Amino acid sequence: LAQMRMFMLRRGLEFYSEQDSFGKRREFIKGVCEHNMLDMKLDSIVDYFLCDGQGLFYFRPTGDNYQLLFFPKDSYRAYRDQNNELESIVLVYSFAVKQPNTLDAYANTTSRGGKKKYIRLKVFKDRIEQTISDEKIEFEDEGNGMPTNTTGGAREELINTLGFIPAVEIFNYVDCTGEA
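Just add 66 to wherever you are in the sequence shown, counting from 1, and you've got my numbering.
It is worth saying that the hints were derived from the structure and are not from the lab.
Since the structure is predicted, the reported quantities are computational estimates derived from the model, not experimental observations.
It is possible that some hints are incorrect.
[To be verified] Calculated pairs, DSS-like style, for lysine-lysine (alpha carbon to alpha carbon, straight line, at most 30 Å):
| hint | residue 1 | residue 2 |
| --- | --- | --- |
| 1 | K164 | K107 |
| 2 | K182 | K202 |
| 3 | K164 | K183 |
| 4 | K139 | K191 |
| 5 | K183 | K139 |
| 6 | K139 | K188 |
| 7 | K183 | K107 |
| 8 | K107 | K90 |
| 9 | K96 | K191 |
| 10 | K96 | K139 |
| 11 | K181 | K202 |
| 12 | K182 | K164 |
| 13 | K96 | K107 |
| 14 | K181 | K164 |
| 15 | K188 | K107 |
| 16 | K90 | K191 |
| 17 | K202 | K183 |
| 18 | K96 | K188 |
| 19 | K139 | K202 |
| 20 | K202 | K164 |
| 21 | K181 | K107 |
| 22 | K182 | K107 |
| 23 | K188 | K164 |
| 24 | K191 | K107 |
| 25 | K191 | K202 |
| 26 | K107 | K139 |
| 27 | K139 | K182 |
| 28 | K164 | K139 |
| 29 | K188 | K202 |
| 30 | K202 | K107 |
| 31 | K181 | K139 |
Work the whole structure out from these sequences, hints included.
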């Protein structure tokens, strides 16, 4: 595993488009990787990939660019149809809000002083269901459709204007020989 890790880190990670006649897609993808400082995150991505055997890249549209997020296998669920195509994904992660709520004596703060919030994204080809909560969201909470927090959670449904799920699930099958 150590040799695989070293090889992957030295060779890097490359996203490419199967069709790119004029090289514009390659330029765009390179710009997204640079914008997200993927080189700095590559160590942890490779560690998750080698240890867990799978992971998911999610491309979240932000203006004219994309925020590139990587999720280890315990932080996402991928649901597929009969043709093994992604039907939907569910992502659960936390983020910090810059201004902590000074009135909240029990605020869940991060080491940088911001207030920690949790988000669950359910991404479909036509819509995105987003739930933001002050308390930790678990995948097991998904069955009842409501976050299990008492402080309130904001649920919002957005239109997925892309028409597809902007995610790529990757696998590391250690028993495969590289053959299809």
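To see whether the hints hold, each was checked on the structure:
Of the supplied pair hints, the one linking K164 and K107 holds, its CA atoms being roughly 22 Å apart against a limit of 30 Å. Taking the CA atoms of K182 and K202, the gap is about 9 Å. The hint holds against a cut of 30 Å. For the hint pairing K164 with K183, the CA-to-CA distance comes to about 11 Å; that is within 30 Å, so the pair holds. A threshold of 30 Å between alpha carbons decides the hint, and for K139 with K191 the separation of about 21 Å falls inside it, so the pair holds.
Proximity of K183 to K139 is assessed by CA-CA distance (about 21 Å); at most 30 Å being required, the pair is judged to hold. For the hint linking K139 to K188, the alpha-carbon distance of about 16 Å falls within 30 Å, and the restraint holds. Taken as a hint, the K183 and K107 pair is honoured in the structure, with Cα atoms around 22 Å apart against an allowance of 30 Å. In summary, the hint linking K107 to K90 is supported, as the alpha carbons are separated by about 25 Å, within the 30 Å threshold.
Distance check on the hinted pair: K96 and K191 sit about 25 Å apart at the alpha-carbon level, within 30 Å; holds. A hinted pair counts as satisfied when its Cα atoms are at most 30 Å apart, and K96 with K139 qualifies at roughly 25 Å. This hinted pair checks out: K181 and K202 have alpha carbons roughly 13 Å apart, not beyond 30 Å. Taken as a hint, the K182 and K164 pair is honoured in the structure, with Cα atoms around 9 Å apart against an allowance of 30 Å.
Distance hint between K96 and K107 is fulfilled; the C-alpha atoms sit about 15 Å from each other, no more than 30 Å. Only pairs whose Cα atoms come within 30 Å are accepted, and K181 paired with K164 is accepted, the gap being roughly 7 Å. Distance check on the hinted pair: K188 and K107 sit about 24 Å apart at the alpha-carbon level, within 30 Å; holds. Only pairs whose Cα atoms come within 30 Å are accepted, and K90 paired with K191 is accepted, the gap being roughly 25 Å.
Between K202 and K183 the alpha-carbon distance is near 8 Å, which keeps this suggested pair within the 30 Å criterion. Distance hint between K96 and K188 is fulfilled; the C-alpha atoms sit about 27 Å from each other, no more than 30 Å. Our distance criterion of 30 Å between C-alpha atoms is met by K139 and K202, whose separation comes to about 18 Å. Proximity of K202 to K164 is assessed by CA-CA distance (about 18 Å); at most 30 Å being required, the pair is judged to hold.
A C-alpha spacing of about 23 Å is found between K181 and K107, which places the hinted pair at or below 30 Å, so the restraint holds. At roughly 21 Å between alpha-carbon atoms, K182 and K107 fall within 30 Å of each other, so this suggested pair holds. With a C-alpha separation of about 25 Å, the suggested pairing of K188 with K164 holds against the 30 Å cut-off. A C-alpha spacing of about 28 Å is found between K191 and K107, which places the hinted pair at or below 30 Å, so the restraint holds.
Restraint check for K191 and K202: satisfied, since their Cα atoms lie roughly 26 Å apart, inside the 30 Å limit. Taking the CA atoms of K107 and K139, the gap is about 17 Å. The hint holds against a cut of 30 Å. At most 30 Å may separate the alpha-carbon atoms for a hinted pair to count; K139 and K182 meet this at roughly 22 Å. Under the criterion of a C-alpha separation no larger than 30 Å, the hint pairing K164 with K139 is consistent with the structure, at around 28 Å.
Between K188 and K202, the direct Cα distance comes to roughly 16 Å. Compliance with the 30 Å bound is thereby established for this hinted pair. The suggested pairing of K202 with K107 holds, with an alpha-carbon distance near 24 Å, which does not exceed 30 Å. A C-alpha spacing of about 26 Å is found between K181 and K139, which places the hinted pair at or below 30 Å, so the restraint holds.
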